[in-house]
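Engineer: What follows is each chain in one-letter form.
2 protein chains.
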Amino acid sequence: MNNLTTTESTPLSAPSLTGAAILLEIGSEYGLIDLLRQPRAVSVSEAVLHSGLAAAAVTHYCEALVSAGLLEHATPDTPSRAYRSTKAMARTIHDVGYLSWGLRACQPLIANARRFALDQREARDNYQRDGGLVARTSQWMGEQSFYPHAEEAILSLRPRHFVDLGCGSARLLVKVLQQLPEAYGTGIDISAKACADARHAAGDASLGERLRIIESPIQALADDPSPLIGADVIHAGFVLHDLMPEDEPILDRLLAACRTTAPRATLVVVDAVPFAKDERERMFSAAFSYLHHGFMGRELQSEIAWSERLARAGFGAVEIGKLGIPGGRLFLARSQ
Amino acid sequence: MNNLTTTESTPLSAPSLTGAAILLEIGSEYGLIDLLRQPRAVSVSEAVLHSGLAAAAVTHYCEALVSAGLLEHATPDTPSRAYRSTKAMARTIHDVGYLSWGLRACQPLIANARRFALDQREARDNYQRDGGLVARTSQWMGEQSFYPHAEEAILSLRPRHFVDLGCGSARLLVKVLQQLPEAYGTGIDISAKACADARHAAGDASLGERLRIIESPIQALADDPSPLIGADVIHAGFVLHDLMPEDEPILDRLLAACRTTAPRATLVVVDAVPFAKDERERMFSAAFSYLHHGFMGRELQSEIAWSERLARAGFGAVEIGKLGIPGGRLFLARSQ
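Protein chains in written order, with our numbering: chain U, 1 to 336; chain F, 1001 to 1336.
There could be a bad hint or two in this list.
[What the hints assert, rightly or not] The calculated lysine to any residue pairs, modelled on SDA-like cross-linking and capped at a C-alpha distance of 25 angstroms, are:
| hint | chain 1 | residue 1 | chain 2 | residue 2 |
| --- | --- | --- | --- | --- |
| 1 | F | K1277 | U | V66 |
| 2 | U | K87 | F | T1010 |
| 3 | F | K1277 | U | T59 |
| 4 | U | K322 | U | E152 |
| 5 | U | K193 | U | G203 |
| 6 | F | K1322 | U | G69 |
| 7 | F | K1322 | F | P1011 |
| 8 | F | K1322 | U | P11 |
| 9 | U | K277 | F | V1044 |
| 10 | U | K277 | F | R1081 |
| 11 | U | K277 | U | I320 |
| 12 | U | K87 | F | E1279 |
| 13 | U | K193 | U | D247 |
| 14 | F | K1087 | U | E279 |
| 15 | U | K277 | F | H1094 |
| 16 | F | K1277 | F | P1148 |
[As the list claims (entries may be wrong)] To be clear about the criterion: a stretch of chain U counts as covered by chain F if any three or more of its residues have a C-beta under 8 angstroms from a C-beta of chain F, and this derived list gives those stretches:
| hint | region |
| --- | --- |
| 17 | 14 to 27 |
| 18 | 66 to 74 |
Just so you know, the hints here were simulated from the structure itself, not pulled from any lab data.
C-beta: ideal position from N, C-alpha, C; glycine also.
I would like the entire structure built from these sequences, with the hints used as guidance.
Structural biologist: What follows is the structure, given as structure tokens:
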């Protein structure tokens, strides 16, 4: 397996990143970024319809993005009528995903840090993050930092039955099934909202019977692993650490169930290791690990702990690759 | 005047900045950063006394900062007893100041962006920023991005009577008076809290009668400029834009009052120009300008607009320097 670290270009300065983050987060609140980030030109009137904002407000906002270098005028002759995203937009959105995940989505944890230090359980009940903000900022990070890595690893295995544990809105399932026309897929997620979105996405992609969505906690597979029957690739992206430390016995039974129910399956686990040491990873990884331990009641597992756990469950060779997200690892556990 | 742009080192990546921001913001909530950022070693027990947190919580937090590279063990033999900040700490705090100002202090504006687009005045009444968070993050930015520039310009003028308009907690006044033992100072600020802090700081620095603090809006000087009598340097740091556009006539009368009441004074104005175009400045400057216009009801003035306004008020040559903060400018207006 290749080392999957994303090639990095020269980083933007802290003030530039902050400026981009302020503008793109305001645009997200306006409901405009998914529209404006597309490669095609977008007219002011289309943005007005999309956002419900007044034309003057939309124009004023777009002109600020032009000044920042994130949009350009699509038709220089009629400068205020249509805009197109610049190359800086895609890269900047990815970077801003980190800032916004850390300081906007995690703001309820940070602002109440003293409460978490005094009584984590009580604080977890009282200060919760906005699920929509967590999902959107995670997606902005993932589009360059871990989605492509998992997708490439899965496609290279050419599964016939691909199972995604904690599938969310089925973004990955749809992408894989679109590229492997013979394959079918199963997605499992605990969230009713995510499952509804996943079924909607499957319909939009005309996947018909090829994609099955099951609303369930993944823990249930430890007792009823039947959804895994026939699977040749099982993926778990940033979900297995949710079982640690409280559901550790269930995690081990779940991994064993994968082995016995889908004996030829390769398991693709994407997760974060704690307190990664290398210079590129240490600052983000320390914060990510500290938040998971002290604010979310989760224990991240080291590369060695994962390898030993997978071996105990009966998997053979485990290959480990790095991701773009600092501390992120892709564990590829083959059947034998 | 030299070009005052700070020399920049290689920027940290977005994930690294985010990790540092999460950790340092949590530490600020713990009440630990002002203690830990000092160059000397700090013991766990001192940090416990300072923060009121348990020793285990303090140690766990400090170890996360060690992993991130922001602290190191002061005595490698007894690794958990004392910590010292690394070189990365000071530089990172400055960078984090931007992220935290943009996404934490300005969060009430961003999260309610649609309300501001619909009715700015109503939104301004309902969604206000935390003044303490604005002040602290501005200070983290300012320590490298604009404080040294203003201080250097003022000291090189060797004032006998230095007046600071909008003096806050008198940080700059104290620094200047400490370096110019013959000088005395006058600080004016609208905030009772800031004035109390300023008098406290003057006492701590044993400045006695050399520093006078006046609780007043700076607008009042347009009608009663007597506090300016005898001034040879008058400084206004990021305060004059608060008079635009609503108090524009008062701003012009205030500038004229400076000329007539302190005819030999040099005016040092630090402020931001709107939508600066250069590559280093454009992203932050666009966001800063957009926030001031659409969320704070303020209009920033261009270099030309400032020069013309100062000329109209009777000032002579105006020199313009750049600051570390993108879009920031230092206007040095001599008496003739």
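Engineer: Now, for every hint given, state plainly whether the structure supports it.
Structural biologist: Cross-check of the supplied hints:
1. K1277/F x V66/U: This hinted pair holds, its Cα atoms lying about 10 angstroms apart.
2. K87/U x T1010/F: Judged against 25 angstroms, a Cα distance of about 22 angstroms means the pair holds.
3. K1277/F x T59/U: Within the cut-off at roughly 19 angstroms; holds.
4. K322/U x E152/U: holds (13 angstroms)
5. K193/U x G203/U: holds (15 angstroms)
6. K1322/F x G69/U: holds (21 angstroms)
7. K1322/F x P1011/F: With Cα atoms ~19 angstroms apart, K1322/F and P1011/F stay inside 25 angstroms; holds.
8. K1322/F x P11/U: holds (22 angstroms)
9. K277/U x V1044/F: holds (23 angstroms)
10. K277/U x R1081/F: Holds. K277/U to R1081/F sits at ~22 angstroms (cutoff 25 angstroms).
11. K277/U x I320/U: Holds, at about 16 angstroms.
12. K87/U x E1279/F: holds (14 angstroms)
13. K193/U x D247/U: Holds - the C-alpha atoms of D247/U and K193/U are around 24 angstroms apart, at most 25 angstroms.
14. K1087/F x E279/U: holds (14 angstroms)
15. K277/U x H1094/F: Cα-Cα ~23 angstroms, so holds.
16. K1277/F x P1148/F: Satisfied, since the Cα-Cα distance of roughly 24 angstroms is no more than 25 angstroms.
17. 14 to 27: Holds, because 12 residues of the region 14 to 27 of chain U bring their Cβ atoms closer than 8 angstroms to Cβ atoms of chain F.
18. 66 to 74: Contact hint for the region 66 to 74 of chain U vs chain F: holds, 4 residues under 8 angstroms.
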